[in-house]
Amino acid sequence: MSFTSIGFICFLAATVVLYYVFPKKHQWKLLLAASLAFYFIAGEWYLPYILFTIISSYIVARLMRKNSEREKLYIEQNRDSLDKDARKAYKAAEKKKRFRILILGLVLNFGILAVLKYTGFTVNNINSIIGIFSDNVSLPLPKLLLPMGISFYTFQTMGYLIDVYRERTQAETNPFRLALFVSFFPQLVQGPISRHGDLSEQLFCGHSAKWENIAPGMIRVAWGFFKKLVIADTVMIAIKSIMSSPERYSGAYVVFLILAYSAQIYADFTGGIDITIGIGEMLGIRIKENFDHPFASTSTKEYWRRWHITMGTWFQDYIFYPLSICKPMQKLSKWSRAKMGPALGKRIPVYLATIVTWFVTGLWHGASWNFIVWGLLNCLVILVSQELQPLYTKFHNRFPKLNDSYAYTLFCRTRTFLLMGLIRVLDCYRDVPLTFKSVGTVFYDFSSWREFFAGGVFDLGVGPREYIVVALAIVTVCIVSKFQRAEGISLRHKIAERPSLAFLCLSVLVVVIIIFGSYGIGFDASGFIYNQF
Amino acid sequence: MRKEIKITIFAVVSLIIVAVLLHLCSLVLRPKYMSQPLEGALIAEYYGEVDKGRQHQVLFVGDCEVYESFVPPLLWEEYGITSYIRGSAQQLIWQSYYLLEETFRYESPKVVVFNVLSMKYGEPQKEEYNRMTLDGMRNSPVKHQAILASMTKEENIASYYFPILRYHSRWKDLTAEDFKFMFKRDTVSHNGYLMQTGIRPMEKSFAEQEAEAINKIYDPDLPATAFEYLDKMKELCKQNGAELILIKTPTNSSTYWWYDEWDAQIAGYAEQNGLDYYNFIENEAIGIDWQTDTYDRGLHLNVYGAEKLTKHFGELLVSEYGLESQQSDVGVSSVWKTKTEQYYKQKEEMERGQ
Amino acid sequence: MDKLIEILSDLHPDIDFESEDGLVDNGILDSLDIVTLITEINDKFDVSIPAEEIIPENFNSVQALFALIEKLDEE
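Protein sequence lines, in the order shown, are assigned to chains G, W and S.
Note that my numbering has the first sequence beginning at 677, numbered continuously upward.
Note that my numbering has the second sequence beginning at 18, numbered continuously upward.
Note that my numbering has the third sequence beginning at 44, numbered continuously upward.
By construction, these hints were calculated from the structure, which means they are not laboratory data.
Check each hint, because a few of them may be wrong.
Listed below are the simulated DSBU-like cross-link pairs for lysine-lysine, each with C-alpha atoms no more than 30 Å apart in a straight line [stated by the list, open to error]:
#, chain 1, residue 1, chain 2, residue 2
1, S, 87, G, 1015
2, G, 886, W, 23
3, G, 819, W, 170
4, G, 764, S, 114
5, G, 1010, G, 1022
6, W, 69, W, 251
7, W, 69, G, 700
8, W, 127, W, 328
9, G, 771, G, 760
10, G, 701, S, 114
11, G, 1113, S, 46
12, S, 114, G, 705
13, S, 46, G, 764
14, G, 1007, S, 114
15, W, 20, G, 1170
16, S, 87, G, 771
Isolated chain G (complex conformation):
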């Protein structure tokens, strides 16, 4: 069930109403039922997969918790008989046991994800290697079901397991409560990836219907629909036209594609998250923000702190840090410092971990080479700018006033925006050589500009009037974003202070979305022309 469907809107309305009718103590049970129903409607065969994750994680977390309880009890009881070293040794041994349990949980769940998501990719790659040596031997491509949102819920749940292991959060004693944490429907489709410590309390303490929650929540949901339907889905039509005939659309069209795709992915992804967070807010549940005005970033590093934040921190906390400070890495660091000198040596572990992290990030986005290359290019940009840091510092010392000038900030933002847009084209074409070839045409195919402006831009399935509406919508989004950033306040909460204004806002959004949104069967006058029977 997609967010932007009539079915989902009805489902949501029913859930919210029932939620507040339910006694507070039982509200979470309703949410669990709604979430499982949501997932079942999305695909009848999805449920067994998520149930496996829930049950296995429940058991693994419980075992770890039992172990650490036993450990505490033992130390408590033998406080006098154990000296410091013995205590340490006991603790370490127990931790090792817990670690083994954790690894079991991780292997099981990541294993399922890997098999479902990456088998096809692996088989394809093996086949192309075999293809070098022989023409007629190839492995069969298995057809596997990929449950909706499996990457998101697996990561969220594995984060939970690691947090339990690290004793950052309490293991759930009630399997149904864990089930809700894993399957909470607003974030099942596209995140955010919440941490157990942040979300669980919110989910299980009851909430009473409050205007201060419901109104801003509704506004945010409507705002998300606006971004998704009026901007993203309209622009997508033009993007699809360009993508589907790369031979025909080169040069100017590729530049347009970079810009349009930036707008599309921003509107689609942040719009979806707006809907998620808005739903949470309507239910009184605070969900972590996933975006912080990413296009206002002045560097790639900053961009990745502000775009898809929960994924970034997931990779940072559970992959980058553990990897870069693990014992072998530290040994490597010592060794390389001794052999290559402090300057180079100290970079080795950090850079190695960064590269691995970005490789995995790319792989997580999708099982194909374009995502891996995309991840590594991001990594390259970050490392290069890291290396150039001393140069920047020198430069800024020469021109100390530059950092305060708005024009320079604007320059940095534009640079980051274009760079990220350029790298992002990889997931448009989904084909590495083709992407490089198409982007290449930007630098020599200048004749396309004339065609583009002579009306080519209107042949992409989006007419001039629609472009005007999209442009106005984008300007609206920019103004709202700018306002929120400058004032540091939340506009929707401000609006909700006055009910009349809130309803005005909602009404306008609803009418605009219904008329100007791209949804349903598009009206194609030619389909109505009665030419035959």
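With chain G fixed as given, assemble chains W and S onto it according to the hints.
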């Protein structure tokens, strides 16, 4: 407490405003079918008759072959028979059935005529044609049934009740016509007959067309679903005391061929169920000339062909079904006098325009 | 403590570390800095900071960082 009351009032008021606004937008955004394609306006036009309490002795249901082949004003003029055609573009048999069911709620025709071409379809065909048939119907449980029976996979039932969900993207294609006919539309047909005065002859002979047609891939068996609805239609007519006549109008095109196997099945069905079935395709008594009587190379009849068929069929209605002339009824006469005048006026105008 | 400030100043010469208490929250230290920092600390203080201790509260100020090192040394 005061705050809650305030919020409730605002909520109700804004809901009403949004509903009214969206309704107005919906009226503007719906296709009006006041210029081509006019077919979309046919189904809704019938209610003009209903609201004036007019009754008809003969009711036609079916696809384009009925609304291009029978001329109600002529049936009146020649035989004093009152009739209406509830035809629409690619009307599928379940749509014909539900339209018939709806019509019986308003009036009691003596004869119901169904054109059997649509028997070849057992599944929903094209969303746009569904729209042209169903959008015109007034909301009722019957319409709901008709929608459920007709929807293609990508359709959503909500869009039939809130047409703005279907037509919202027409905002960029709006013309003056959309505002002019927002509330009230012109009449485009003559009791369901849509006039065509153009002539585009069919050069190939009937035998040549047949040779082409039988080389195409086709299913020799008409779908079972279609027969289920034909059964229902038969029962419905029985309950309402109307005689059901099956017909196949004359055509001469390999594009939409009426195969002999199909004809045999319909004939067999008619015989088993005590119905009359007339295949007019090769009926020389009608006198269709494919050089002058078709506007699209043999697919449909133009007005000259339709007039010939109407006269022939009128004879049948009088001789075989005993329909009596209503011309002695002053009220009915005056209504039909106007209709006949309008018919000839439009015919003359269209002929002059060519 | 001084040793710690020395390591930090090596990373960011322009920051006054003694008074700053939002090193992570204010975006002064990023993830690359933190890893470099931990490597240095592990080396110079002969402790080993585990991944689960990498949370903003432990890295926001020199004082917090120093407390962390002492705690790890203690155990």
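A quick look at each hint next to the structure:
1. S/87 / G/1015: 18 Å, holds
2. G/886 / W/23: 14 Å, holds
3. G/819 / W/170: Given that 30 Å is the threshold and the Cα spacing comes to 25 Å, the pair holds.
4. G/764 / S/114: 14 Å, holds
5. G/1010 / G/1022: Since the Cα atoms of residue 1010 of chain G and residue 1022 of chain G sit roughly 8 Å apart, the hinted pair holds (cutoff 30 Å).
6. W/69 / W/251: 28 Å, holds
7. W/69 / G/700: 58 Å, violated
8. W/127 / W/328: 19 Å, holds
9. G/771 / G/760: 16 Å, holds
10. G/701 / S/114: Roughly 40 Å between the alpha carbons, so the hint for residue 701 of chain G and residue 114 of chain S is violated.
11. G/1113 / S/46: 52 Å, violated
12. S/114 / G/705: Cα-Cα ~42 Å, so violated.
13. S/46 / G/764: 27 Å, holds
14. G/1007 / S/114: 23 Å, holds
15. W/20 / G/1170: Roughly 17 Å between the alpha carbons, so the hint for residue 20 of chain W and residue 1170 of chain G holds.
16. S/87 / G/771: 26 Å, holds
This entry does not satisfy hints 7, 10, 11 and 12, going by the numbered hints stated previously.
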